[in-house]
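Engineer: Next come the chains, spelled out residue by residue.
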Amino acid sequence: MRSKRILYHGCRLFLGGLFLYAGILKANDVAAFAGNIASYRILPYAWNYLLAAILPYVEVLAGGLLLTNNRVRASAFLLGALTLLFMAVLMSAIYRGLEIDCGCFHPADRTTPLAALGRDAGILLLAILTYRLRGKTSP
Amino acid sequence: MRRPGAELQRVALEAIIIAALGAVIGLSLHHRPILDAFSRPAPATRDSLAPAVAVESPPVGLAEVQRLLAAGALAVDARIPEMHREGRLPGAVSLPLEEVDTALPEFQRKIPAERTLVTFCSGYGCPDSFDLAVLLRQAGYRDVRVFEGGFPQWRDAGLPVESGP
Numbered sequence: 001m002r003s004k005r006i007l008y009h010g011c012r013l014f015l016g017g018l019f020l021y022a023g024i025l026k027a028n029d030v031a032a033f034a035g036n037i038a039s040y041r042i043l044p045y046a047w048n049y050l051l052a053a054i055l056p057y058v059e060v061l062a063g064g065l066l067l068t069n070n071r072v073r074a075s076a077f078l079l080g081a082l083t084l085l086f087m088a089v090l091m092s093a094i095y096r097g098l099e100i101d102c103g104c105f106h107p108a109d110r111t112t113p114l115a116a117l118g119r120d121a122g123i124l125l126l127a128i129l130t131y132r133l134r135g136k137t138s139p
Numbered sequence: 140m141r142r143p144g145a146e147l148q149r150v151a152l153e154a155i156i157i158a159a160l161g162a163v164i165g166l167s168l169h170h171r172p173i174l175d176a177f178s179r180p181a182p183a184t185r186d187s188l189a190p191a192v193a194v195e196s197p198p199v200g201l202a203e204v205q206r207l208l209a210a211g212a213l214a215v216d217a218r219i220p221e222m223h224r225e226g227r228l229p230g231a232v233s234l235p236l237e238e239v240d241t242a243l244p245e246f247q248r249k250i251p252a253e254r255t256l257v258t259f260c261s262g263y264g265c266p267d268s269f270d271l272a273v274l275l276r277q278a279g280y281r282d283v284r285v286f287e288g289g290f291p292q293w294r295d296a297g298l299p300v301e302s303g304p
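If you read the sequences in order, they're chains R and A.
The numbering used here puts the last residue of the first sequence at 139; the count rises by one with no breaks.
The numbering used here puts the last residue of the second sequence at 304; the count rises by one with no breaks.
Only chain A is shown next, with the shape it has when bound in the complex (with noise of 0.2 Å):
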């Protein structure tokens, strides 16, 4: 008779061994956004601004973001206006990062500073929605959240999407 302990320990040292495989092809099948996402946050303002937007906008899930704007969040859209048009949550507006300085103005004159803010982009390679956050925030509004998934998960979902000018 063998120790029920001796066969435990085998056990063990096999699931560790398939679990050891696993990570061997899952490292090597997706090592390319693995890399991506340890090297981000990459440009220089976005390092002292991180911590900040981390505490205070953390990211939403497709649920929270689908809860969000049925009570009446607006969808913020961090995109180049070439992708709004092209497809974007229902309602978003759009607030590319690269036109905020000059957009920014006319968007405070039409939303309200109470209005809760959800910003998204091109899902989870894309740092804008964060970055945009990050301004929205400085600008005086008060309930800033991020959809890390963006607009990629939310049409992955099969959810209604909006498009045109």
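Bound conformation, chain R alone (with noise of 0.2 Å):
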């Protein structure tokens, strides 16, 4: 059971500081995180600056409340259906072999689609984690 605790906290507290960073990195620099998204050539040139300025929040606000322990279960539900989205974007930015950055943390990450994908799957499984370990390890 300790163990179960301990693997429970890391993976929330890991994934809550990973979106926090995430999120802060971009929110800084609201316009750049735009003209990555627009580089994925999904959405209509203004949407993309609608997206870039609510996204980094919406990371911000749930890596938070896993980092304080707060309504985990929504949280960890919340990035990890961000990060199916993520994944489903960067497949079809594959699919379309286009060569991009990937614009998952900072502005400038080099990061290409491909790696970012497998990046990804890890982060879904510490958001499934969280998700289960959450309903076992607390009351």
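These are calculated hints, taken from the structure and not from any lab test.
Honestly, I wouldn't trust all of these hints.
Unchecked claim - Here are the simulated lysine to any residue pairs, SDA-like style, with alpha carbons at most 25 Å apart:
| no. | chain 1 | residue 1 | chain 2 | residue 2 |
| --- | --- | --- | --- | --- |
| 1 | R | K4 | A | R224 |
| 2 | R | K4 | A | K249 |
| 3 | A | K249 | A | R224 |
| 4 | A | K249 | A | E238 |
| 5 | R | K4 | R | E99 |
| 6 | R | K4 | A | V150 |
| 7 | R | K4 | A | E238 |
Claimed, not checked - What the simulated footprint calls covered on chain A by chain R, stretch by stretch (three residues with Cβ under 8 Å from a Cβ of chain R suffice, anywhere in the stretch; the number is not a length):
| no. | stretch |
| --- | --- |
| 8 | 161-167 |
| 9 | 282-294 |
Said to hold, decoys possible - Here are some chain R residues pointing at chain A (derived, C-beta under 8 Å):
| no. | residue |
| --- | --- |
| 10 | F14 |
| 11 | L78 |
| 12 | F86 |
For glycine and all other residues, C-beta sits at the position ideal for the given N, C-alpha and C.
Put the complex together from the two separate chains, hints included.
Structural biologist: Structural data, given as structure tokens:
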């Protein structure tokens, strides 16, 4: 039981810290992030800005809630759903043969879509673990 | 025992509330660039030109610009000459949008139509690189790309910057 608790808190803190960090980096330069989203060529022009302004703060909020052990299941659910969405977008970029920056963390992040896809699979696992272990270790 | 579906429903509802809160914060902090983006493209000439360039010259990201330049593409600076002197992408030539009528013939003499061109200006607030791309296409350049992040994104990525006349 103890090892499960450690695993739970480890997953929760890592996932929360990761998205808090990613969110703050992107919130600092919303215009550059809009450019990263635009390079995926999925949304109409101005919608890239709308998403770029919203997404970092959703990540910061959910990451912060995870770090402070509040609304853990909801935050893990939200970040897991976001990660699934990112993976779908990355797959579409790979399928269309776009050679672009992933824009996952810093605007100048040079991660290729394929590497980002692998990383997102790990993040998705973290979110699932956090979600499931929350039910087993808390009252 | 509660139904497992009820728990999932509660979690999903909370997740939506968190996302909505994030949206409210983001929109209140960054409403200006969003409104700017939705009100663009403003000039009447751009409305008729924009669809053509959107199809033929899709914007390229920073990584692709670096690759294109390394492969021999020419960066074309649509900004005013003062900004061009202050700092630009290495090897970029100046072709300010407002001087294009007078400067284009000279540009065409020096740069062959086969050369890949990458236009840029002051980043995401700035439509000049798109307008210049349209004009360069009309002038016969076959491969014109738009670096939408422009000089600010290049500089902020810590890439080498050239300055001077």
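Engineer: Which of the numbered hints are not met once you compare them with the structure shown?
Structural biologist: 1, 2, 5, 7, 10, 12
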